[in-house]
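A.B. asks: The primary structure of each chain is shown beneath.
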Amino acid sequence: MGVWRSLNKSELVAALLLIGVGVFVLMHAWDWPYLTADGPGPGFFPLWIGICIIALAALLVVLQVVHTINQGAVSATNWAGAGRVLGGWSGLMLCIALLQPAGFVVSFLLLVMILVMAVFRRTFLSALIVGVSASAGFWVLFVKLLRVQLPAGPWGF
Amino acid sequence: MEILANLMHGFAVALEPMNLLWCFIGVFFGTVVGILPGLGPSATVALLLPLTMQMNPTGGIIMLAGIYYGAKYGGSTTSILLNVPGESASVVTCLDGFEMAKNGRAGPALGIAAISSFVAGTVGVVLLMLVAPPVAEFALRFGPPEYFALMALGLSMVVLLAGKSMIKALISMFVGLWLATIGIDMFTDGERYTFDYIELMDGVNFVVVAIGTFAIGEVLANLVSTTGGQMFEVPKGLRNLMPNWQDLKDSRFAFVNGSLIGFFVGVLPGAGSTIASFVSYGVEKAVSKHPEKFGTGVIEGVAAPEAANNSETGGALVPLLTLGIPGSATTAILLAALIIWGMRPGPLLIQDHPEMFWGLVASMYIGNVMLLVLNLPLVPVFAQILRLPAYVLYPLILGVSMIGVYSVDQRLFDCWLVGFLGLLGYLMRKIEYPPAPLILGLVLGDLMENAVRQSLMMSKGDVSILYSRPLAAVMLVLTVLVLIGPMFRRVDIWRLRAAEQDV
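Just so you know, the protein sequences line up as chains Z and E, in that order.
165 is the number that my numbering gives the last residue of the first sequence; the numbers go up by one with no jumps.
520 is the number that my numbering gives the last residue of the second sequence; the numbers go up by one with no jumps.
In short, the hints are calculated from the structure, not lab data.
Don't take each hint at face value.
What the hints assert, rightly or not - With a straight-line Cα cutoff of 30 Å, these simulated BS3-like cross-link-like pairs (lysine-lysine) come out: (1) E:Lys306 with E:Lys266; (2) E:Lys253 with E:Lys266; (3) E:Lys119 with E:Lys266; (4) Z:Lys17 with E:Lys447; (5) Z:Lys17 with E:Lys181.
From a predicted model like this one, the values you see are computed outputs, not experimental measurements.
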């Protein structure tokens, strides 16, 4: 129980997920020819990659347990920092989801406002000023001057 | 004589107005990126890579290389004024640079950093110019087994020094190698791991992975803490930035030491500019008449690491341009850029594209002069960048990332992918899985698989071809030694020290 409590869960979950990735790589590679008449087939390289990922990730799990027994508890998580990262990433994913229906300018404006207000705790006015100038600046620089094609919303930008 | 003629041709290319402009843009952005803590040259090169796709490859590589070596000049400014390294190569500069600033000598510290960077950067280019052509000629003897062994050695060196845990670095590399197998198999035309997505038929877009894991991953990692540090003012006027005669005399050995150590460490895959700067600092301290003063603000303590991290660029370009083997994340992105522009990095690159190689070499001479001008009289202007608030900077980086990714193929799929890879990049940093081996694995994966499959085709399936040829055998033995070395306590202690410095 003590060992389980002091295990670094994120390390353990990552290693187990990697074993899963390795198994996935291996299972698919198994379906493709390992050797053909001309030499190694399409399954040759991925098969060895899968085996190596599984072996190394399993070794990591073992070392994680041994390390925990020898060294004791892990350091505490910075939940406030993790919250800011999650907030920033969610804003980014929302921006991507809105790229097609709302266009780059509007979705990026929204992303900037979320980041400035929710992650950096600035006022609405600061967020608006940064958001409008950044999205307008990007639109002029990339779309108008450099002719980069970006998704346009119903308003044409 | 042939080298001089080639160099003259290179200057003719580099001095074309557009190439001069690209060189200036590269070193300018490099300086800015170097100054900004939290945004590294690999992320910036990845960000700007999509914008170079419509460019002439020579102009493109001149600009991207400018960012690479320009960042090393800029990094010292933040180390000296803020005690925060602008990029990892400037970590050691903090030791004496910040102490000099505290003693009221920020000006000479910034001045000697720029001068030693210029001297060593130029020496690095001279050595690159002299060493690269014979290395390329030698590499013409390489067949698929030698290439496989060389890539294995390069990857193992990167894994050795990529982070505290070698197992994690190896996993990161194997995931990169797996990502490289996604798409159509070139030998059989069969699909591999495409999940029926048409977008994955051509493989995972390298630009998307690089921007996701480096640019977005770095921004997310920087959101964890939003606090800044106390900054010293930059003295106004060129006179206050110039080191005095005694400073230059004290630094003369540091210039030589940094230039040579930087270049030779740069040639080794995985070692990189951070380790070069630490080794050079250590040597400078060891031969000094007053080693006890190091860390209290001695000028050689700034000159040696700054010289080494700039000379390292020339060294790092040798394996990239002659063998097609990158030794770091940034050079891996440069390699991907060359492939995207339709070039075949390897021993024939200099022969097949002399204007690109010699144009790049000449542009680096010019770029170093530009950087000296940018980093001496204009350093007070650049230091103002440090006042740019994080809540303005990070959204701008995310915006450029999205534009960069979308502009490659105009596919929303790539934007989704970059979002998830950004989270992956953050999580990798958080649980200390180094992203550099993943990028190198992705870039070298195709080449490595081709080399091993071609080798086994040549031998009709006999695996001994991989280790029976002398050159390949030597490189494979070295690879094994690199991988088993850390099992010995003393080697592992050295490795951990080197890896910690590089983080």
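A.B. asks: Against each hint, give a clear statement of whether it holds in the structure.
C.D. replies: Each hint tested on the structure:
Between E:Lys306 and E:Lys266, the direct Cα distance comes to roughly 14 Å. Compliance with the 30 Å bound is thereby established for this hinted pair. Annotation: proposed proximity of E:Lys253 to E:Lys266 holds, straight-line Cα distance about 24 Å (limit 30 Å). In summary, the hint linking E:Lys119 to E:Lys266 is supported, as the alpha carbons are separated by about 22 Å, within the 30 Å threshold. With a CA separation close to 13 Å, the supplied pair Z:Lys17 and E:Lys447 stays within the 30 Å bound.
Proximity of Z:Lys17 to E:Lys181 is assessed by CA-CA distance (about 19 Å); at most 30 Å being required, the pair is judged to hold.
Checked against the numbered hints above, the structure violates none of them.
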